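Protein chains in written order, with the working numbering: chain A, 10 to 564; chain B, -15 to 142.
Some hints could be false.
[To be verified] Computed footprint of chain A on chain B, listed as stretches where at least three residues anywhere in the stretch have a Cβ under 8 Å from a Cβ of chain A:
| # | stretch |
| --- | --- |
| 1 | 8 to 20 |
| 2 | 52 to 66 |
| 3 | 102 to 115 |
| 4 | 125 to 133 |
[As the list claims (entries may be wrong)] Computed list of lysine-lysine pairs in DSBU-like fashion (alpha-carbon distance at most 35 Å, straight line):
| # | chain 1 | residue 1 | chain 2 | residue 2 |
| --- | --- | --- | --- | --- |
| 5 | A | Lys257 | B | Lys114 |
| 6 | A | Lys485 | A | Lys552 |
| 7 | A | Lys89 | A | Lys174 |
| 8 | A | Lys89 | A | Lys485 |
| 9 | A | Lys46 | A | Lys257 |
| 10 | B | Lys114 | A | Lys46 |
| 11 | A | Lys265 | B | Lys(-10) |
| 12 | B | Lys114 | A | Lys485 |
| 13 | A | Lys89 | A | Lys552 |
| 14 | A | Lys174 | B | Lys114 |
| 15 | A | Lys89 | A | Lys265 |
| 16 | A | Lys265 | A | Lys552 |
| 17 | B | Lys114 | B | Lys(-10) |
| 18 | A | Lys257 | A | Lys485 |
| 19 | A | Lys265 | A | Lys174 |
[Said to hold, decoys possible] Not everything, but these chain A residues come out facing chain B in the computed CB check (under 8 Å):
| # | residue |
| --- | --- |
| 20 | Ala33 |
| 21 | Asp37 |
| 22 | Arg39 |
| 23 | Pro47 |
| 24 | Tyr61 |
| 25 | His165 |
| 26 | Pro166 |
| 27 | Ser169 |
| 28 | Asn247 |
| 29 | Gly287 |
Rather than coming from a laboratory, the hints here were simulated on the basis of the structure.
Computed from a predicted model, the values in this text were never measured in an experiment.
In this text, a Cβ means the ideal position worked out from N, Cα and C, and glycines have one as well.
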Amino acid sequence: MYRYDQLDRTFVAERVRQFRDQVARRLDGRLTEDEFKPLRLQNGLYLQLHAYMLRVAIPYGVLSSRQLRALAAIARTYDKGYGHYTTRQNIQFNWIRLDQAADVLAALAEVEMHAIQTSGNCVRNVTTDHLAGIAPDEIADPRPYCELLRQWSTLHPEFSFLPRKFKIAVTGAEADRAAIAVHDIGLRLVLDAAGAVGFEVLVGGGLGRTPILGSVIRRFLPASDLLGYVEAILRVYNRYGRRDNIYKARIKILVKALGAEAFGRAVEAEWQAMDRDGMAIDAGMLDRVATHFAPPAYAELADAAPERAQAMREPAFARWLARNVLPHRVPCYRAVMIALKGGGAVPGDATAETMERVADLAELFSFGEIRVTHTQNLVLGHVAAHDLAALWHALRVAGLANPVVGTVTDIIACPGLDYCALATARAIPIAQAIDAAFADVAELHDIGDLRINISGCINSCGHHHVGDIGILGVDKRGQEVYQLTLGGSSADEASLGTILGPSLPPDQVAGAVRRVVDVYMERREPGESFLALVRRLGVDAFKARVYGGLEAHAA
Amino acid sequence: MSRLIKNLALVADPWREAAAEGPLPDGDVIVPLARFTAEREALLAREGRLGVRLSPDDDPAALAGDLGHLDLVALAFPRFTDGRAYSQARLLRERLGFAGELRAVGDVLRDQLLLMARCGFDAFELRADKDPDDALGAFADYSVAYQAPVSPAPGGRV
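With the hints as constraints, model all of the structure from the sequences given.
Laid out in structure tokens, this is it:
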């Protein structure tokens, strides 16, 4: 994984010093709150309902066990002993004191981490496939490009005060696990006819109150031109994006207003006029960064599946293999998912003890590396197949072997009204109620893949628009009510969900989900996904069942 | 007391701002783009140095043919969170080759000075209520940067 060089270390140390000074000037009144707010946000510090929240960047979702232990220590020292993994592969701490925030940043700098640009109207943490460098369907490793984008975007002097936040996602695989169509810029690594590496470039995707899927503005961009081209996109956006209305300020609104084609032409014109050679990623630069992402020293192992024999004897192990273990491009290795879900858990939360235990297991079984997924789970990405049983036992002891990855209870949820100052409704209790309603693991496996995403407000941090079942909490005359959508997807052939019907009170949501799942189980053809069934039947078939006999609130 | 920062110091400001219309002050004068466009010939023939002020909506390319005659371009920050002038500054320096004084005016605060400098600004009119000595410290906040410099500055990498 990426290791800091002298420039990175100096930069992060200076960033901590700068923020410590900014906090001091805020506390002695030289900075007003209006002046300070954008500065603290660009260091990931939010003022939430009960306390300051610090969102720490996990660049493209990759952590070392040393870094994970440092996060555990921060949770214990500066928070209430836990952290929350987010839908953008970051972690946030919910109970930070302003006068200790710089100390937390200093602790992060010790392990080559920071909270830079995890909020604010700037380029946010670049996200990617949590199976980068692991997945058998990978065309090229996106991580070196993500790191180059991280460096390029870090305190970029031209783009630190954009009209609105700006999110970039990169995928290097055939299957899109990075949700690139719902990002301000989505980048897909592709090969041209001659086998050269490049990017398909999407712009203007996003969720929030105006969900839009991104449009392709370039089919093939040579990989060496990535930074110049992204800079051209940002410059067009910075100059022409709306600043008069916060709800119309994302790039998606500009792309929609101009039309994707005209927007693409403006980007091309800007790019052609730029010093493209000066912005080009030369081979030396790419190689230097790519070296950090060289594969670990895999052992030479027999190409077999030693886990199969034990799976025959132990059904619980077999269930875990079926849901939580994924193939690796090296045949005798596997990627192991750790679900931070189920059993009443808050989706994405992890205690300091859990983090330390996972760090230990990563060292024992996975070259000391951990990934964070945008579905708020963790991954041990390089586990030898013959270690699977030992790892499973260790995870079980730690309560981390819940075999539910990708199922109904592997719910994405934002912190909601339990923490967030923007939220209009709670998300966590809804997730817990659904979790309780689907406690039977055998049933979950029978249902199979089914994504439920919950947002506690229209800002859509819980990605409800792109869940198979999306749940949006809203405030209606002082009551928390929940709107269900069906048929969303952030993967290939991404789609936005369709509203099912009138909003439901909190105590009816889990029951409604149960009825939706019942329809799926009754009507699906062999092998038919939930998404395919919704597309085939339409939502009305589900609506009749959900609202039959229910007292619905007016929509 | 001057609020103009140049070359890491507070300096006297010889420039006067002209309104959209009405009599021009003597000496070095900064006029809004619309007035420059309307009175171009007379302004260029005038004694004293000439500067033009752009609003964030203005396209710096409007000055492309005249930059050789201008000693100063002022770019406005109506609010410090409005980042359009950063792009205008880079376009003026890098694409249009402007070598004169590039001045930040408006809601100009300490914590944005280094960003401005790194986009090519070399003069900063600090907002009237802010302590200039405090602001001068901003230029020492960072010794390194990830991006290539627009004007001479600590070396970048990407």
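Straight-line Cα separation of Lys114/B and Lys485/A no greater than 35 Å?
-> violated, 44 Å
Within 35 Å, alpha carbon to alpha carbon, are Lys174/A and Lys114/B?
-> holds, 28 Å
Regarding the hint that His165/A lies at the interface with chain B, is the smallest CB-CB distance below 8 Å?
-> Since chain B brings a Cβ to about 6 Å from His165/A, closer than 8 Å, the hint holds.
Would the pair Lys265/A and Lys174/A pass a check requiring their Cα atoms to be no farther apart than 35 Å?
-> Since the Cα atoms of Lys265/A and Lys174/A sit roughly 17 Å apart, the hinted pair holds (cutoff 35 Å).
Proposed proximity, Lys(-10)/B with Lys265/A (alpha carbon, max 35 Å) | Between Lys265/A and Lys(-10)/B the Cα gap is close to 42 Å, so the pair fails against 35 Å, i.e. violated.
Below or equal to 35 Å on CA atoms is what counts here, so check Lys89/A against Lys552/A.
-> violated, 42 Å
With a cut-off of 8 Å on the beta carbons, see whether Ala33/A makes it to chain B.
-> Constraint on Ala33/A not satisfied, violated at 11 Å.
Should the interface hint for Gly287/A be scored as holding, given a Cβ-Cβ cut-off of 8 Å against chain B?
-> holds, 7 Å
Counting residues of the stretch 102 to 115 of chain B whose CB is closer than 8 Å to a CB in chain A, do you get three or more?
-> holds (count 3)
Would you check chain A against the stretch 52 to 66 of chain B, counting CB to CB pairs closer than 8 Å, and say if three or more residues qualify?
-> Holds: 3 residues of the stretch 52 to 66 of chain B have a Cβ under 8 Å from chain A.
Tell me if chain A covers the stretch 8 to 20 of chain B under the three-residue, 8 Å CB rule, please?
-> Contact hint for the stretch 8 to 20 of chain B vs chain A: violated, 0 residues under 8 Å.
Is Lys89/A within 35 Å of Lys265/A, Cα to Cα?
-> Roughly 44 Å between the alpha carbons, so the hint for Lys89/A and Lys265/A is violated.
Taken one by one, the earlier hints fail for this structure at numbers 1, 11, 12, 13, 15, 20, 21, 24, listed in ascending order.
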